[in-house]
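Trainee: Here are the chains, one letter per residue:
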Amino acid sequence: MELLPTIWFIVIAVLWTGYLFLEGFDLGVGMLMKLFARDNTERRVLLNTIGPVWDGNEVWLITAGAATFAAFPLWYASLFSALYLPLLVVLVALIFRAVAFEYRGKVDNDSWRARWDWAIALGSFFAAFGVGAALALTTTGLPLNSNGDREGGPFAWFSGYAVLGGLAVAGFSLLHALAFLALKTDGNVRHRARGWFVRLLPWLLLPMAGWAVSIQFLDGKPWTWAAVAVAVVAAAAAWFLAHKGAEGRAFMALGVFLLLGSASIFGAVFPVVLPSTVNPEFSLTISNASSSDYTLGLMSIVAAVGLPLVIAYQAWTYWVFRRRVSAAHIPEAHSFLPAVAAKAFTTKG
Amino acid sequence: MDALEIARWQFGITTVYHFMMVPLTIGLGLVVAVIQTAWHRTGNPEYLRMTKFWGKLFLINFIMGVATGLVQEFQFGMAWSEYSRFVGDVFGAPLALEALLAFFVESTFLGLWIFGWKQLKPGIHLACLWIAVVGSVFSAYFIIVANSWMQHPVGVELVNGRPVMTDAWAVFTNNTALVAVPHTLFGALAVAGGFLLGIAWYHLWRRRRDGVDTVGADGKVVPGEADIPGRDRTDHKVWIRSLRIGAVVAMISFAGTALTGDLQGKLMFEQQPMKMAAAEAACHDGTGFSVLSVGNLGSRNCDDIVALIEVPGILSFLAKGNFTTEVKGVNSLLDQYKADYGTNLPDNPVYGERAGQEIEYVPVMEVTYWGFRMMIGFGGLAALAALIALWVTRNGTVPESRWLMRLAVFGILAPFGANAAGWIFTEMGRQPFVVAPNPDFNGIDQVFMFTAAAVSPGVSAGELLTSLVVLTSIYAVLLVVEVKLLVKYIRGGVVSAMPELAHAPVDENEDATPGPDGPGTGDVLAFAY
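As they're listed, the protein sequences go chains X and S.
Residue numbering for the first sequence follows this note's numbering, beginning at 1 and increasing consecutively.
Residue numbering for the second sequence follows this note's numbering, beginning at 350 and increasing consecutively.
Incorrect hints may appear among the rest.
Said to hold, decoys possible - One side of the interface only, derived from the structure: several residues of chain X facing chain S at Cβ under 8 Å:
1. Pro52
2. Phe80
3. Asp117
4. Ser146
5. Gly306
6. Thr317
Just so you know, the hints here were simulated from the structure itself, not pulled from any lab data.
Don't be surprised by glycine CBs; every beta carbon is placed ideally from N, CA and C.
Take the sequences, apply the hints, and build the full model.
Mentor: Pasting the structure below:
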């Protein structure tokens with residue numbers, strides 16, 4: 001077995017898991033803007049819990065994509081071109097979401113805010129769903145021909161697995177966000193989030209558990225079965241800890257669930273990176289889809305230095321903004337457009 | 350239109366649009382960082398106001414750059430899978446390094462800067478902005494390294510028909526990239542310069558129109574105060590200083606783009622002679638530079654192009670640094686390209702219905718010729734305007750003329766136009782290659798790819814058309830929203846970025862200082878959302 005492609009398979013699995021862990025909660029908080037928050041103050045509490053970090057979190061997705069391009073160009077090319085339409089949905093969702101975060105508070109007007117709230121909520125949902133569908137399909141396969149191109153038209157990717165993966169990531173993100181809000185806010189929002197977390201945990205984790213288990217039936221290895229079992233224990237622990245009010249530990253236990261769940265899925269399919277449902281011989285594996293050892297070696301050195309650095313300064317960011325946010329901290333919305341501009345409008349012409 | 354053409358239009362539109370935001374982000378980021386440093390060192394409140402105001406506009410624009418940047422990365426795999434397969438071994442690396450070493454830095458530290466006004470010590474807060482700005486410069490470097498490899502592939506050898514990286518140093522110090530990076534950075538600063546100049550002019554003009562500022566008998570400005578929050582003498586200083594900084598930045602960056610552009614041009618005459626010949630509409634070998642050529646430039650047929658005004662010797666100077674060496678024109682290059690790379694596309698299924706067709710080696714000359722001239726023209730115009738602006742405002746304010754004000758505001762667009770034209774010229778001029786061949790690079794020939802072979806074979810024209818329509822319309826809507834927001838905040842002036850000015854007179858130096866025990870509970874939010 002090739003060492004460098006294996007290392008890079010692990011790096012990419014780590015990047016995707018890091019993405020799901022970090023942006024998982026900010027995507028979920030985005031969805032909760034409509035599902036959970038009751039008024040504008042609560043929405044602003046939600047927004048400000050993720051405000052300083054969501055953009056840094058999203059870079060994990062960009063890095064996962066670019067690392068796949070650099071380390072496994074054939075995997076990147078086949079997966080991204082086969083999933084043209086679902087990835088277009090992801091792009092559109094992420095564009096609206098990003099812009100909405102920044103622009104929502106820039107005009108003090110209810111309908112303006114409501115419009116961007118929808119952009120955040122729907123953008124977050126479709127981004128999570130689309131990324132989940134894409135990840136699920138790269139583990140269960142696509143109808144690829146010998147060149148690695150999709151056969152069967154624009155919707156050939158559509159399958160139960162796409163839906164399952166989409167629900168898995170969307171569901172996990174929602175739950176992760178509830179855990180995050182319980183940890184990161186205070187007052188009413190904190191307690192309601194914890195209550196929701198305890199009540200919804202089994203339902204929201206069900207699709208991800210279903211994905212992990214069904215992959216085990218297809219390609220499971222003993223250690224990946226074990227990982228699934230421990231992941232289930234971690235989920236139970238998260239429920240128990242949240243029930244007891246240990247919000248920080250519940251959040252971490254859910255993180256362990258994700259880590260093991262993701263390891264069980266990536267571990268099971270290894271060394272295949274993208275199976276072909278047309279003919280197993282056309283499947284992409286770490287050996288036939290990877291870059292040269294030279295490129296992988298160079299990238300390994302950079303990743304060995306860069307990745308710990310990224311984790312360190314992102315951890316610092318979370319430390320800087322570690323205080324709980326609550327409704328009491330939200331200053332009144334000010335009509336920022338005061339006399340200067342008002343005068344400009346009235347004396348125009 | 351077939352899939353290839355739609356994919357090309359999509360790439361062009363999304364890239365040019367993305368590159369509307371990027372130069373302003375890089376240029377304005379740098380300017381804001383310098384201004385905040387000045388505030389940090391002097392404690393002068395006008396610098397704080399400048400930091401807040403220009404920083405706000407910077408952020409409104411930054412987010413659009415982020416949102417549209419993701420499309421760029423995904424697009425290679427989605428629409429150009431054959432390209433991605435062909436170049437992945439070498440082209441993916443700079444993209445991955447950009448994400449890992451630059452974009453993470455930029456996004457994380459910008460988040461710290463936006464929300465950290467009251468959470469971080471002033472020095473660390475300032476450092477966060479500088480780190481983010483340096484990150485954005487590195488972003489630009491990595492992306493240009495990737496692009497330069499498409500212009501001039503180095504550091505690889507062909508293995509089983511695919512380029513494989515053998516020398517990363519050569520890739521990351523590609524001479525094409527080393528001149529393109531400063532050229533692009535100066536281009537970004539030009540955008541920021543024009544932006545500062547135009548907006549500051551508008552505010553100074555408004556202060557005059559509203560009678561806040563007056564001009565004394567000696568011709569010098571007498572700054573006044575109005576009974577409106579924030580419209581005091583400091584406000585006057587904010588604008589006049591912004592205007593001057595903008596003008597100086599615009600002039601320096603024009604000089605920088607001209608010098609680096611000249612180096613780049615000379616390099617391009619070696620590396621992609623056809624691109625440069627097409628940029629000059631130079632059909633025949635010669636030394637003359639065409640100031641104005643007419644004829645059917647779009648036909649790619651050289652015969653009916655007539656150079657109305659031509660300056661002898663200048664073309665040689667641009668290409669070779671002297672006035673007498675003949676530069677090869679389109680016609681003789683065409684024969685050479687045909688001999689080197691064939692007259693027809695190979696009979697290979699990757700070319701689809703284009704297989705076997707004759708290859709058009711001459712890029713669309715209307716685009717290259719006018720793109721080249723617009724790039725230089727708009728850039729020069731902006732620099733000239735900046736020079737005039739400096740002279741006109743030497744007594745501390747702008748003239749009362751509404752038209753001059755409009756011209757200054759409208760002039761914000763010129764450097765944007767120059768940037769867009771430059772990219773369109775350099776990318777379209779490379780056609781029909783997506784990876785241009787090296788005519789005389791030591792040993793690496795055969796490393797090239799026709800654009801016709803690069804598009805995703807499995808993706809239908811319908812899918813591409815869907816995304817083209819969807820992305821273009823979203824971009825159009827978001828452009829309107831962004832411009833509206835920018836205009837709103839610009840009209841609001843400094844107060845729109847510093848609401849505290851409207852509420853009570855504050856000691857501005859206190860603003861970013863944490864309380865005695867660090868940030869108080871009331872300061873958990875630096876109030877950003």
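Trainee: Hint by hint, note whether the structure agrees.
Mentor: Results of checking the hints against the structure:
Proximity of Pro52 of chain X to chain S holds as hinted, the smallest CB-CB distance being about 4 Å (cut-off 8 Å). A cut of 8 Å between beta carbons decides the hint on Phe80 of chain X: the least distance to chain S is about 3 Å, and the hint holds. Interface restraint check: Asp117 of chain X against chain S, minimum CB-CB distance 12 Å, threshold 8 Å, status violated. Among the interface hints, the one on Ser146 of chain X is violated; its C-beta lies about 12 Å from the nearest C-beta in chain S, farther than the 8 Å criterion.
For Gly306 of chain X, the interface hint holds, the least distance from its beta-carbon to any beta-carbon of chain S being 4 Å, beneath 8 Å. The interface hint given for Thr317 of chain X holds, since its Cβ lies 6 Å from the closest Cβ of chain S, which is under the 8 Å cut-off.
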